[in-house]
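Protein sequences appear in the order of chains X and H.
If you want the numbering used here, it's the 1-based position in the first sequence plus 18.
If you want the numbering used here, it's the 1-based position in the second sequence plus 32.
Calculated from the structure, these hints are not laboratory results.
Misleading hints may appear alongside valid ones.
Listed next, with one range per pair, are the computed distances between beta-carbon atoms [claimed, not checked]:
1) D111/H - W116/X: 34 to 40 Å
2) Q35/X - R44/H: 36 to 42 Å
3) L134/X - M86/H: 45 to 51 Å
4) D99/H - E87/X: 42 to 48 Å
5) L134/X - K103/H: 24 to 30 Å
6) D99/H - L134/X: 44 to 50 Å
This structure is a prediction, so every number in the text was calculated from the model and none was measured.
Each residue gets a CB set at the ideal place from its N, CA and C atoms; glycine is no exception.
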Amino acid sequence: GGIITQTPKFLIGQEGQKLTLKCQQNFNHDTMYWYRQDSGKGLRLIYYSITENDLQKGDLSEGYDASREKKSSFSLTVTSAQKNEMAVFLCASSIRSWGGAGNTLYFGAGTRLSVL
Amino acid sequence: GEQVEQLPSILRVQEGSSASINCTYENSASNYFPWYKQEPGENPKLIIDIRSNMERKQTQGLIVLLDKKAKRFSLHITDTQPGDSAMYFCAAIASSGSWQLIFGSGTQLTVMP
Chain X
19 GGIITQTPKF
29 LIGQEGQKLT
39 LKCQQNFNHD
49 TMYWYRQDSG
59 KGLRLIYYSI
69 TENDLQKGDL
79 SEGYDASREK
89 KSSFSLTVTS
99 AQKNEMAVFL
109 CASSIRSWGG
119 AGNTLYFGAG
129 TRLSVL
Chain H
33 GEQVEQLPSI
43 LRVQEGSSAS
53 INCTYENSAS
63 NYFPWYKQEP
73 GENPKLIIDI
83 RSNMERKQTQ
93 GLIVLLDKKA
103 KRFSLHITDT
113 QPGDSAMYFC
123 AAIASSGSWQ
133 LIFGSGTQLT
143 VMP
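Model the full structure from these sequences, guided by the hints.
See the structure below:
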């Protein structure tokens with residue numbers, strides 16, 4: 019089996035700060051995702067990437083940048099942290115690029131963001 | 033925006049009883065409906081799914097029902113145990129053309145001893 023490693027586990031930032039979250043996977047999956055988890059709002063897709071150097075916007079991409087440096091890594095940047103923002107950012111990977119049957123998402127443990 | 037609506041958001045049941053979570057979706061072309069379970073402090077994991085060519089699927093105390101006409105699907109957990117306490121997310125395929133999953137807002141299930 020594989021594993022998805024997200025760093026850091028906890029991130030405390032200042033308002034207006036640019037913050038970067040990192041994700042590594044050793045499943046050798048082609049597709050990687052960044053989701054944001056807020057209480058009462060489920061999992062919302064920020065960006066996904068179907069191969070190295072590819073980027074696709076999700077519903078929540080505004081205020082974020084992403085970078086797929088290589089097949090195994092996908093980073094997310096909060097371009098300007100919002101005051102009092104609190105959320106969990108989940109990275110995931112899957113073998114294929116579409117959400118159909120057989121394309122299970124494997125999630126990391128998350129990065130918990132707090133903005134002072 | 034497009035939604036998958038999931039209810040209830042909070043569910044408390046007595047150990048040994050059953051629990052039901054309901055979801056509705058918008059995209060009539062969606063052909064896949066997974067359910068993910070997120071235990072406290074853990075990452076979400078796929079627990080069961082159903083394809084659009086089925087109306088019912090059962091595995092290990094979990095039953096999923098799909099009503100394509102009503103665009104509704106549901107998860108039923110029979111004989112609940114404390115280990116079933118978790119956040120549950122349903123999902124369907126978005127109609128935006130990306131063919132990505134869109135998740136419901138989650139149900140926090142607590143099984144009381």
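**Report entry** Hint check, failures only
**Finding:** 5
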